[in-house]
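Protein chains in written order, with the numbering used here: chain A, 1 to 248; chain B, 1001 to 1248; chain C, 2001 to 2248.
Careful: at least some of the hints might be erroneous.
[To be verified] Under the rule of at most 20 Å between Cα atoms (straight-line distance), these lysine to aspartate or glutamate pairs were calculated in the EDC-like manner:
1. 2151(C) <-> 1235(B)
2. 1242(B) <-> 1160(B)
3. 49(A) <-> 2019(C)
4. 151(A) <-> 2235(C)
5. 151(A) <-> 2216(C)
6. 1242(B) <-> 1114(B)
7. 1151(B) <-> 239(A)
8. 96(A) <-> 78(A)
9. 96(A) <-> 236(A)
10. 151(A) <-> 2239(C)
11. 1151(B) <-> 210(A)
12. 1151(B) <-> 235(A)
13. 93(A) <-> 159(A)
14. 96(A) <-> 235(A)
15. 2011(C) <-> 2047(C)
16. 96(A) <-> 160(A)
17. 2151(C) <-> 1239(B)
18. 2151(C) <-> 1216(B)
[Claimed, not checked] Covered stretches of chain C (in silico footprint by chain A; criterion: 3 or more residues with CB under 8 Å from a CB of chain A, positions within the stretch not fixed):
19. 2071 to 2080
20. 2083 to 2090
21. 2128 to 2142
22. 2165 to 2171
23. 2209 to 2223
Calculated directly from the structure, the hints in this document are not laboratory data.
Beta carbons: idealized from backbone N, C-alpha and C, even for Gly.
Chain by chain, the residues:
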Amino acid sequence: MISPTAIVSSKANIGKDAEVGPFCIIHDNVVLGDHVRIQPYCELGVETKLSDGSPLVVGSGSLIRSHSTFYEGSSFGESLVTGHQVTVRELTKAGKNLQIGTLGDIEGHCIIGDYVRMHSNVHIGHYSTVGNFVWIFPYVVLTNDPHPPSKVQRGCFLEDYSVIATMSVVLPGVRVGTHSLVGAHSLVSRDVAPHTVVAGVPAKKLCKTDKIVLQDGSGRPAYPWPRHFHRGYPDEIVELWKSSFGPD
Amino acid sequence: MISPTAIVSSKANIGKDAEVGPFCIIHDNVVLGDHVRIQPYCELGVETKLSDGSPLVVGSGSLIRSHSTFYEGSSFGESLVTGHQVTVRELTKAGKNLQIGTLGDIEGHCIIGDYVRMHSNVHIGHYSTVGNFVWIFPYVVLTNDPHPPSKVQRGCFLEDYSVIATMSVVLPGVRVGTHSLVGAHSLVSRDVAPHTVVAGVPAKKLCKTDKIVLQDGSGRPAYPWPRHFHRGYPDEIVELWKSSFGPD
Amino acid sequence: MISPTAIVSSKANIGKDAEVGPFCIIHDNVVLGDHVRIQPYCELGVETKLSDGSPLVVGSGSLIRSHSTFYEGSSFGESLVTGHQVTVRELTKAGKNLQIGTLGDIEGHCIIGDYVRMHSNVHIGHYSTVGNFVWIFPYVVLTNDPHPPSKVQRGCFLEDYSVIATMSVVLPGVRVGTHSLVGAHSLVSRDVAPHTVVAGVPAKKLCKTDKIVLQDGSGRPAYPWPRHFHRGYPDEIVELWKSSFGPD
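Generate the whole structure from the sequences, applying the supplied hints.
This is the structure in structure tokens:
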């Protein structure tokens, strides 16, 4: 259902059973999949000369919450879910089942894998690369300029299953290894080895992730997290995790 | 006065002399007190399956500034004042005279006392408990997961009159004692004793709060702050403070 | 062009060829220059008793992006450019060619020079002073209260050409010297000498800025940055820089 107060271009390509809320604006260069829900006050497909002419593509089953802004030229796989007041610029390509929390700000020219979870108020700088199953917690910033301001732009790289805790900054060009954990309020200035916990300003290695004990009384290690945390992932993924990481 | 461009459910319960600004949306499950003012582009009473069916309740004399979003199932005492672009999820219960600054993000399932002051861009994670007369400054985050991501959720506890300065993170389950002060840009990983100043990453005890001298030329201690800071509090509270903490 | 869904006061003074997007609200006490573009969902000239009756003035050629809020009583020179969801309170005076990134929050009573660049999610506290050609990166906060909460307000002072990197906090009354660089995730508690790099919590002097080598293969120093970074500045400024700082 398209709200009568929404302004929707006749050139936009909107899938079946889409919902577009009150006071939304959908521009020409937009492709929305089936069963997409767009909450009020969203503007999708904002034009920019910085893009390449490609449309904003939002996969089927997606939910974009209110007051969000998406530019043309970015694409999202199925089942994107956003919080409120999200901004996404042009030329970012994201896989399926991405979650972007409230106040998220994705600057554009980023590559984002499948099943990535970004909590509230995450800032993903230009040219960042985020793998699959990555978790990014509130107020994390991925940077890109090693000596600002300059023309040099070196995006960060977060490998699969890595976790960046609240209020941490990843410096330009840094690679955070698979299944690693960056503690809260850290400044990550060097590459992080896989399965490693780092923390501090600047971040230093604390231990391997398997030293962290799950505080649910089980006495088991908290990482790799896919062993015990399954909420929101499809059954086939969880089954795959069981064979990869062992049962909970 | 209800703006003619606002979309207001006939099932919403709106007190007398309420003002609802242009382009607002008020859903069914909303109870607004008398003399409430809702600025433009606000959406109140957003439905969610994660709530318990209770309404959004906003006490009399409240002001919700523009571009804000409140879900059903949370309640606020009289004289709530928000900044712009605030998001409040379900099942939070707040006392009277709460202030939430611009870009504030309250995740839900929180308990908040009376006369709490949150500045801009504060993030209150699920299951946080905030006492009375607490001050929370910009970019503070209260967290809840000791080893993210997991199913374990341990909210923080900020006791009465505590003060958390800018850009500090409180780790899960930490209790910040009454009348204590967390310095700016700190990571609070352990409980903070009452009347104590902590700072750093991780935060360490610096001194008792009465060692901090008010920089107004008086030479008096800056804490307990209710001795000298009265702006925005009712006379009866200030009188009570005088008998509790001594005159300024 | 004024959108038919915008609500524009007949008392507002709007220059020629202005564009006002859908669902905007322009109040009485607003002066917009020629060729100004206001994107959707913006509210300009919000009334406040805390101002002095002067209008919101936005210089010619400015672009205010969507979901932004400007109060009456502040003024901006020509060619202001904002991101989305910006909030600017009353009684701030800014020069020309200011950029305020998405989610920027300028509290009011600030003085801002010419050609200042604020990236996303910058918080400028009351009574801050920002010189010319200053760069402020994401999640930086300029504070003002030395012992919060109190009635004492000491704004920060950022001198010309200074650079504050991501997630840094400048404490009240601190002066950051010309051409200096504050590293990411720092807490600046003391004045910073000109041409100096500081970093850490609290920030300490690391070196002079000319020790930082530009990572573009040239082997030249990265600072003063106007020697190599010219994007977005007018030719006459760049020519002036060449004579002041030497050619790139």
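Outcome of the hint check:
1. 2151(C) <-> 1235(B): 17 Å, holds
2. 1242(B) <-> 1160(B): 17 Å, holds
3. 49(A) <-> 2019(C): 18 Å, holds
4. 151(A) <-> 2235(C): Answer holds: residue 151(A) to residue 2235(C) is near 17 Å, not above 20 Å.
5. 151(A) <-> 2216(C): Judged against 20 Å, a Cα distance of about 8 Å means the pair holds.
6. 1242(B) <-> 1114(B): 18 Å, holds
7. 1151(B) <-> 239(A): The given pair, whose Cα atoms are some 19 Å apart, holds under the 20 Å limit.
8. 96(A) <-> 78(A): 5 Å, holds
9. 96(A) <-> 236(A): At roughly 15 Å apart (the allowed maximum being 20 Å), residue 236(A) and residue 96(A) satisfy the hint.
10. 151(A) <-> 2239(C): 19 Å, holds
11. 1151(B) <-> 210(A): 18 Å, holds
12. 1151(B) <-> 235(A): The given pair, whose Cα atoms are some 18 Å apart, holds under the 20 Å limit.
13. 93(A) <-> 159(A): The hint holds at about 16 Å.
14. 96(A) <-> 235(A): 15 Å, holds
15. 2011(C) <-> 2047(C): Cα-Cα ~14 Å, so holds.
16. 96(A) <-> 160(A): Roughly 14 Å separates the two Cα atoms, so the pair holds.
17. 2151(C) <-> 1239(B): 19 Å, holds
18. 2151(C) <-> 1216(B): 8 Å, holds
19. 2071 to 2080: Check failed, 0 qualifying residues.
20. 2083 to 2090: n = 3 at 8 Å, threshold three: holds.
21. 2128 to 2142: This one holds; 4 residues, not fewer than the three required, reach chain A with a Cβ under 8 Å.
22. 2165 to 2171: As far as the region 2165 to 2171 of chain C goes, the hint holds, because 3 residues have Cβ atoms under 8 Å from chain A.
23. 2209 to 2223: Coverage by chain A holds here, the residue count being 6 at a Cβ distance below 8 Å.
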